[in-house]
Amino acid sequence: MSIDTVLLYFFVVAALAGGVLMLVAQHPMRVALALIAVMLSLAGVYAMLGVHAVAVFQVLIYVGAVMVFMVYVIMLLDVRDPSFVVRYGRLLLPGVALGTLLATVLGLGMAQMRVTPAAAGVETPSYLVRPFSQEFLQQYWLHFELTSVLLVAAVVAAIAVIKSGRRQDG
Amino acid sequence: MADLQVLLWLSFVLFGIGLVGVMVRRNALVMLMCMELMLNAVILALVVFSLRTATLSGTVLVFLIFVVAAAEIAIAIPIVLMLSRQKRSLDVEGYDSLKG
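Going line by line, the protein sequences match chains L and P.
Start counting at 1 in the first sequence, then tack on 928, and there's your number in the working numbering.
Start counting at 1 in the second sequence, then tack on 931, and there's your number in the working numbering.
Just chain L, with the same shape it has in the complex (with noise of 0.2 Å):
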């Protein structure tokens, strides 16, 4: 077993254990600190992949702008309320039976499902930051643009949002 399958598969365990901390830890602000060591574990399974350019990029924009985002609301909403101290909603019994009726679903379906490695004669494109870079920006750069435009939307969207807020407040 190479030193890269095992560091793999820590990653893997570790977004597991990560996942589960989310479930079960109650202050909002620990499980932040689990989605962050989920996304650090995610970004080592990819760069272990070879999938650099993602790795990267889950590191600064997930845990280095959503998550810091959300770190610093939670410290900035000083709440005190009932969701502090109880974990769970009324809808723990239903949600738990629909996810577990959800997860035999999908489990008998990806059961079934074989998910072999890439056929032999196939050649692997490099995911490397610099080819991947250059095939992104010269097949998809129409794409790349457009999502622009999302973010314009979603920028203006949040200034809305603020703006109605501020008028109900008087």
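One or more hints might be untrue.
[Unchecked claim] Chain P is faced by these chain L residues, among others (derived, beta-carbon under 7 Å): (1) A945; (2) V959; (3) S1011.
Simulated from the structure, these hints should not be mistaken for lab results.
The C-beta atom is built at its ideal place from N, Cα and C for all residues, glycine as well.
Using the hints, position chain P against chain L.
Just chain P, lined up with the frame of chain L:
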């Protein structure tokens, strides 16, 4: 080559944990984070399929999901902030204004 089947199972389990978390947790911010976990699981599945088919399109889709996730969090956090300012609480059990 890593066992892609194991990684697909990991993605499946993480998605399930996120889904159950959204349904059972009481705190609005924790629900948001469970949604992020579901997105992460989908990204893992896309990377696995991209490796399986030996194409780049799955990985490209992952980048578009990164952008969508950033936009989503930029909208969702202000909404949660507004809710908590109005109700003075992050408890989703208290958000019952639409109840008939």
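Verification of the hints:
1. A945: violated (11 Å)
2. V959: Constraint on V959 (chain L) satisfied, holds at 5 Å.
3. S1011: Hint holds; S1011 (chain L) Cβ to chain P Cβ min 4 Å, cut 7 Å.
Violated hints amount to a single one, hint 1; each of the other numbered hints is respected by the structure.
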